[in-house]
Amino acid sequence: MIDKTIIKELEKIVGQKNVLSRKVDLVTYSYDATSDMPKQAPDVVVLPTSTEEVRRIVNLAQEKGLAIYPRGAGTNLSGGTIPLKKGIVLSFQRMSTIIEVDPDNLTATVQPGVVIQDLNNAVAPFGLIYPPDPGTVATATMGGSVAENSGGLRGLKYGVTKHYVMGMEVVLANGDKVRFGGKTVKNVTAYDFANLFVGSEGTLGIVTEITVKLIPSPKYRRSMMCLFKKLEDAGHTVTGIIKSQVIPATLEIMDKMTIETVENYTRIGLPTDVEALLLVEVDGMAEEVVEREAQAVANVVKENGGELKLAGSDAERDQLWAARRAALPALAQLNPTVVLEDATVPRTRVTDMLLACQKIANKYGLKMGVFGHAGDGNLHPTILTDANNKEEMERVHKAVDEIFATALSFGGTLSGEHGIGMAKMRYLGDEIGESGLRMMRSVKEALDPHYLLNPGKMVPAKET
Amino acid sequence: MTIARGEKSRGTATLYDELEPVREELKKCMKCGNCMAVCPVYLTDKAEAGVARGKIAVAEAVLSGELDIDDPEVISMLFNCLLCKSCMQNCPTKVNFDRIMLALRAAIVRKKGLHPLKNMIFSLLKQPKLFDAGMKVGAALQGLAFRDDPSKKAISPRSPFAFVGKSYGFDLHRSLPELAPTPFRDSVSEVVKVKNAKTKAAFFTGCSVNYFYPQVGEDVVEVFKENKVQISIPKDQQCCGIAVFVHGDVKTVRELARKNLDAMEKSGAEYLVTACGSCGGAWQHEYKELLGDDPIYGPKAAYWSSRTYDISTFLTKVIDYRLPTGKVEAVVTYHDSCHLKKTMKVSQEPRQILMSIPGVTFKEMAKPDACCGSGGSYLLTHYDTSKEIAKRKVADINQTQADYVTTGCPACMMQLLDHVGRFGRGQKIAHYISLLAESYRRERTGGTGYVR
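Protein chains in written order, with this note's numbering: chain W, 1 to 464; chain X, 1001 to 1452.
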């Protein structure tokens, strides 16, 4: 518990209305979008409106030894924003100005609280897009997605958040403000700090301004659905498409369980007698090229015995993507708790991983649907369970352990896009080893020796 | 009758009588936060306590005993919601958030009783004669505190009252509809007969049409006449009760529901038609749910639920309405009232009607179904938030270049009147039915100029 004088000092820094300390308010910052996580209310929530305020808050927190948890919209899936050790939640929701859109340099500069979709709306009149599009584009903030290095549906062709961050302003744990990078395409001055802070999950510094790269919006696109009677055929199609030198913007997969559930939920007419379904979209600036790529995809699907349905209109395209977007909510309807993972494997092992997931689900007697970004090798094994059922949760945890072990054995990774947070921290050593953990701590302690920033996340402290 | 009025009869309790059943609804929330994209309160405050996900977390804390339902902080937070149901449109797991809010507010009233002032006002609603007399006295005296603005058919506070009322938004720039000197139901006969009537419908006017917008009532009558529908306007119909239900007064809303069911049953009508999303929603959904285990009124509520239509749905789907031919030159936009679209699921029908009027150019605004910030009494208790929400709405309206803002709910009309007055470009506010009525009238008169 912190004393009233600290609240008063915080109020002096950001104004009374930007400090929340009522019990009801604190309860509403005790969670994020991650299931099966402990809840913990912070001591206080502060909503800064400028970098200078952030600096002063950090100085105060340092002096009083209080932890700070930077928070965007709290939509992450790794328990990354839960204030585990109490202290100050630093919510950036009221620091949400788009500082500049520079169409000539193809950049935008934003405050961390800007919602991703709002940035896209602001650059659309210039014919530009900011490509990273996690499922939560309409709510997630730029600051949060930079901290989590968010991916999304377009990752295969357009990359993820780290490919778009050109410069930043960061407040460090010692209260220093640092700016690096900027609007230049090339910049090799100093270390590549942008890439250090992207995906650092709020453990190294507090991002207070971001400059991102924009690209011209693709003018043409073709979307299609491909149905397969055998899971293996879908897997071969994924690698076959890439081998034919087509990089689709989106290449998504759903397994049988997911297809059936989506169809039950939406009744949009998905066939339920298939083992797997791929959703593919190719796009580009020239119609002829896009058509040629679509044709190439169609050929690969045919070679692998798949059935192809091409979206003939925007309405049909929307319906295809509605099916994909319905995957998680439809699965979530079935049970009170949804454990959503994002183990990722090299593209060539997608089929193996899908089959392994089915086996694991059977072994532990669990309901599991698998869907995800097949082109990225980024799958979302989704376990449907009930957090109140202790016995089942034990099986869930064992299954999750095994999913991670399997992904690593295939040369994959624990997390493709959700991050480590607290949900996967204990597996970290399995992937990067003891030396990797030591390096994590060295970096962390160089910048934040007292573990003030987002403690208990990503970097396991020495004692454990 | 054997059941004490306003009391629960028997059978299983609803979640408005005990809190326990709310647990099932709470479990559905994944805390994904999709509600943040659309919640009008959250988009204004940017604090988690504003949005559905945060309120659900507080509800969970109440049920687990971590927070007390009668804690003033909890109460204030639970009332900072417009019940606009926007979050429910965006909810992947379809949490019935309105039921959670209403159940918790009902629980507050069960534990603490109604606030004495609310109790006084709500009791008045149950005594229709007294309520009616009060509204008429108000109509007679409104000139003392408000000045008339004939250009927009509105009144604004006079200076000494504006000074006192400033913190509640009653400043000099506040526009309010005038209280009608003669309420609508006093000015029409109980049955409006037509020759060769196709069918019989009852019109449930709601309080706003009766006391503030009698001309909308007259326009509804005009449209029925033109479509050969015999209409009855039962004199003993009363407030629909939604306004008290949202304050947790389950007893009063049940009582009003029973009285209204009696009134409609006596009318002998085939259908019940409304021109207000909140009233229509009450008939379609809330009455049925509130009286679900009442052996006498439960079945009646279920019957009328299936016979209730917004007038736009009645015209386009139940009877095949006659296409108007009178020309109404106007650029028109349409605001989706939350209760009309999100409770009654009516959104295409009013647009279809507007577009069928010769001379009307229809311009869609961005986010037409974003809440206007009214929330009934929310605008009185949270004027600043309400105003910020309305400001965003009016900005979208301004973009359309329309000169008429239409909607299907009188509460939205009042809110739009106030804030188009503050942030708009002098656009006129109308119920969409008024444009149709005007088109029919012009078939006879060939008139032009502004719609009344």
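Keep in mind the hints are simulated off the structure, nothing from the lab. Just so you know, these numbers come straight off a predicted model, no measurement behind them. There may be inaccurate statements among the hints.
[Said to hold, decoys possible] Only pairs whose alpha carbons sit at most 30 Å apart, straight line, appear in this in silico DSS-like list of lysine-lysine:
1. X/Lys1235 to W/Lys390
2. W/Lys23 to X/Lys1028
3. W/Lys230 to W/Lys256
4. X/Lys1031 to W/Lys85
The hints, checked one at a time:
1. Between lysine 1235 of chain X and lysine 390 of chain W the alpha-carbon distance is near 60 Å, which puts this suggested pair outside the 30 Å criterion.
2. With a CA separation close to 24 Å, the supplied pair lysine 23 of chain W and lysine 1028 of chain X stays within the 30 Å bound.
3. Between the alpha carbons of lysine 230 of chain W and lysine 256 of chain W the distance comes to roughly 10 Å, so the proposed pair stays at or under 30 Å and holds.
4. Taken as a hint, the lysine 1031 of chain X and lysine 85 of chain W pair is honoured in the structure, with Cα atoms around 21 Å apart against an allowance of 30 Å.
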